[in-house]
Amino acid sequence: MYQFLAIIRLPDGTPLKDETGRITSHLSGLLYRTTNLIEKGIRTIYVFDGKPPSLKEAEIKRRMKVKEEAVKKYEEALAKGDLEEARVYAQMTSHLKDYMTEDSKRLLDLMGVPWVQAPSEGEAQAAYLVRRGDAHYCASQDFDSLLFGAPRLVRNVTISGKRKLPRKRSYIEVFPEVVELDRVLRELNISREQLIDIGILVGTDFNPEGVKGIGPKTALKLIKEYGRIEKIPSSKLPELKFDPEPIRRIFLNPKVTDDYEIEWGKPDLEGIVKFLCKERNFSKDRVEKAVKRMYEGYKKLERKTLDSFF
Amino acid sequence: MSDAKLLKDIIVAIATLIDEGTFEITPEAINLREMDPSRVAMVDFQWSKSLFDEYNCSQPTKICINITEMLKLLKRAGKGDSVELTLDEERRRLNIKLRGKYVRTFSMPILEAAVEEVPTPKITFNVKAKITTDGIKEAIEDAALVSDHVSIEANEEELIMRAEGDIMGATIEMRKGEGALLDLEVKEPSKATFSLSYLSDIIKAASATSEISTIEFSTDMPIKIDFPIREGKLTYFLAPRIEA
Numbered sequence: 001m002y003q004f005l006a007i008i009r010l011p012d013g014t015p016l017k018d019e020t021g022r023i024t025s026h027l028s029g030l031l032y033r034t035t036n037l038i039e040k041g042i043r044t045i046y047v048f049d050g051k052p053p054s055l056k057e058a059e060i061k062r063r064m065k066v067k068e069e070a071v072k073k074y075e076e077a078l079a080k081g082d083l084e085e086a087r088v089y090a091q092m093t094s095h096l097k098d099y100m101t102e103d104s105k106r107l108l109d110l111m112g113v114p115w116v117q118a119p120s121e122g123e124a125q126a127a128y129l130v131r132r133g134d135a136h137y138c139a140s141q142d143f144d145s146l147l148f149g150a151p152r153l154v155r156n157v158t159i160s161g162k163r164k165l166p167r168k169r170s171y172i173e174v175f176p177e178v179v180e181l182d183r184v185l186r187e188l189n190i191s192r193e194q195l196i197d198i199g200i201l202v203g204t205d206f207n208p209e210g211v212k213g214i215g216p217k218t219a220l221k222l223i224k225e226y227g228r229i230e231k232i233p234s235s236k237l238p239e240l241k242f243d244p245e246p247i248r249r250i251f252l253n254p255k256v257t258d259d260y261e262i263e264w265g266k267p268d269l270e271g272i273v274k275f276l277c278k279e280r281n282f283s284k285d286r287v288e289k290a291v292k293r294m295y296e297g298y299k300k301l302e303r304k305t306l307d308s309f310f
Numbered sequence: 001m002s003d004a005k006l007l008k009d010i011i012v013a014i015a016t017l018i019d020e021g022t023f024e025i026t027p028e029a030i031n032l033r034e035m036d037p038s039r040v041a042m043v044d045f046q047w048s049k050s051l052f053d054e055y056n057c058s059q060p061t062k063i064c065i066n067i068t069e070m071l072k073l074l075k076r077a078g079k080g081d082s083v084e085l086t087l088d089e090e091r092r093r094l095n096i097k098l099r100g101k102y103v104r105t106f107s108m109p110i111l112e113a114a115v116e117e118v119p120t121p122k123i124t125f126n127v128k129a130k131i132t133t134d135g136i137k138e139a140i141e142d143a144a145l146v147s148d149h150v151s152i153e154a155n156e157e158e159l160i161m162r163a164e165g166d167i168m169g170a171t172i173e174m175r176k177g178e179g180a181l182l183d184l185e186v187k188e189p190s191k192a193t194f195s196l197s198y199l200s201d202i203i204k205a206a207s208a209t210s211e212i213s214t215i216e217f218s219t220d221m222p223i224k225i226d227f228p229i230r231e232g233k234l235t236y237f238l239a240p241r242i243e244a
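Chains as they are written, first to last, in the numbering used here: chain A, 1 to 310; chain B, 1 to 244.
If you are wondering where the hints come from, they were derived from the structure by calculation, not from laboratory data. Remember, it's a predicted structure, so these values are computed and weren't measured experimentally. Note that beta-carbon positions come from the ideal geometry of N, C-alpha and C, so glycine has one too. Among the clues, some could well be false.
[Said to hold, decoys possible] Quick partial rundown of chain B residues pointing at chain A, CB under 10 Å, derived from the structure:
| id | residue |
| --- | --- |
| 1 | 35 |
| 2 | 42 |
| 3 | 73 |
| 4 | 77 |
| 5 | 108 |
| 6 | 118 |
| 7 | 119 |
| 8 | 120 |
| 9 | 220 |
| 10 | 239 |
| 11 | 240 |
| 12 | 241 |
| 13 | 242 |
Work the whole structure out from these sequences, hints included.
Structure representation (structure tokens):
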């Protein structure tokens, strides 16, 4: 959702809005991204973040501060008339408001696309879905999914295959990348607990600073040599400013729910047009085209996996 | 066991779907049930201990093996060679001893076992057909000439396969009790479509294990292909392609 809010903006950085000023960038992103994926025979389940664990407060405060500063810089850039600069800062100001989540869920229901409300971290719930066999991949940019135990993670799920470079007019090509937890662990010859410890040393959402002077390579070396953070001799590691155990527990036993149903329905063309075009000022023509593409996508000869028959 | 070829044939049949697999070894039998990486097909294999000349297992264990590598080693077995598999728990290695004109012992690593348990698809089959393995192999080859997928349908009297390509088409009819179709039981006329590359890979790979095969299917459900092997089972499931 943040991605859509960040990317889908006018050249000066203003997000898409309806006539009452409600932001609609996320709805546009959801509609077109989901349609594109359905066309390729990919079915999506959206997972919404719940209440973050209290340990995440520091990270959330840090992000808030970044946003506040970005707002100031955005206004300065606009005043100077520097649109490129303004857009960069505008992208960093995205706030996810409750009405945006509500709107998104409403649109997904109309599209017949299932969604799951996570009790806490969305990444954790998504990893749980994959572990239970309800989904094949976690789609995320975030490696946290692996720490939460997602067996398969796919990054760069875009159809355009391009990502804009910040502050530049140019794009780089990106390709979907699959990361398999089992393989990572086997190739590094470590356990998931040890992968989590490496994450903690480098820095996670729950200890954003990590440990000073420790990057991924050193962290891997230390954990492979000593097994776990507590066993690393103090000569090799500066004193920790946090307790690794509660962080470890968040990754190993995250709050997740079984209270969900995964079922894909047929998109409700009338409902989508009424919501997006009448209430949110979308172009009727474009929305109808997207829904038509969705129908076509579903119709295409589709090879199912065995999972739907267990 | 006295015939290494038997083991090689089974590993060929498994290797067609997976590169790595976990064998569950119990005091009674060896089991393997794995899906291919795209989760479209599954192989379910079992060999009871009675198949082996000698079988020792005091407690159940799971070993994950690189099947592709194992196959390379087994292909070295000559005609009439016997084979002995032993697990070196301490060094986490599997030793494969081939005895023929001379004795060769290969060793390969045991990999970290995957956690995932593969369940059996829950399906009620409405069609069961017993076909000669050669017959179904030929039919699939015919269909593969014109298309990349084939629909298989059955009514009381016959089994029909239809393949429609962009420019060519093929229809293959097998009548009950005539030639290739040894038996046909139909509870309900059914029809389902499958990928030919999977079907032909599976049937080719497993054809050395049995002269007869049984297919079971229902409309738009996975197909079950069973190769009756001595003292065990070799069964595949393949997900259908569905036209909405």
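Going through the hints against the structure:
Because the smallest distance between the Cβ of residue 35 of chain B and any Cβ of chain A comes to about 6 Å, under 10 Å, the interface hint for this residue holds. Annotation: interface hint on residue 42 of chain B holds; nearest CB of chain A at approximately 6 Å, less than 10 Å. For residue 73 of chain B, the shortest C-beta to C-beta distance to chain A is roughly 21 Å, which exceeds 10 Å, and the interface hint is violated. Below 10 Å, beta-carbon pairs count as interface contacts, and residue 77 of chain B has none with chain A, the closest being about 28 Å; its hint is therefore violated.
Because the beta carbon of residue 108 of chain B sits about 15 Å from the nearest beta carbon in chain A, more than 10 Å, this interface hint is broken. Because the closest C-beta pair between residue 118 of chain B and chain A is about 8 Å apart, less than 10 Å, the hint holds. Annotation: residue 119 of chain B was flagged as interfacial toward chain A, and the flag holds, the nearest CB pair being 5 Å apart, inside 10 Å. Hint status for residue 120 of chain B relative to chain A: holds, with the closest Cβ pair at about 8 Å, below 10 Å.
Taken as an interface hint, residue 220 of chain B checks out: its beta carbon lies about 9 Å from the nearest beta carbon of chain A, inside 10 Å. This hint holds: residue 239 of chain B has a C-beta 5 Å from the nearest C-beta of chain A, less than the 10 Å allowed. A cut of 10 Å between beta carbons decides the hint on residue 240 of chain B: the least distance to chain A is about 6 Å, and the hint holds. Hint on residue 241 of chain B holds. Least Cβ distance to chain A is approximately 4 Å, under the 10 Å limit.
Hint status for residue 242 of chain B relative to chain A: holds, with the closest Cβ pair at about 6 Å, below 10 Å.
When held up to the earlier numbered hints, the structure conflicts with 3, 4, 5 and fits the remainder.
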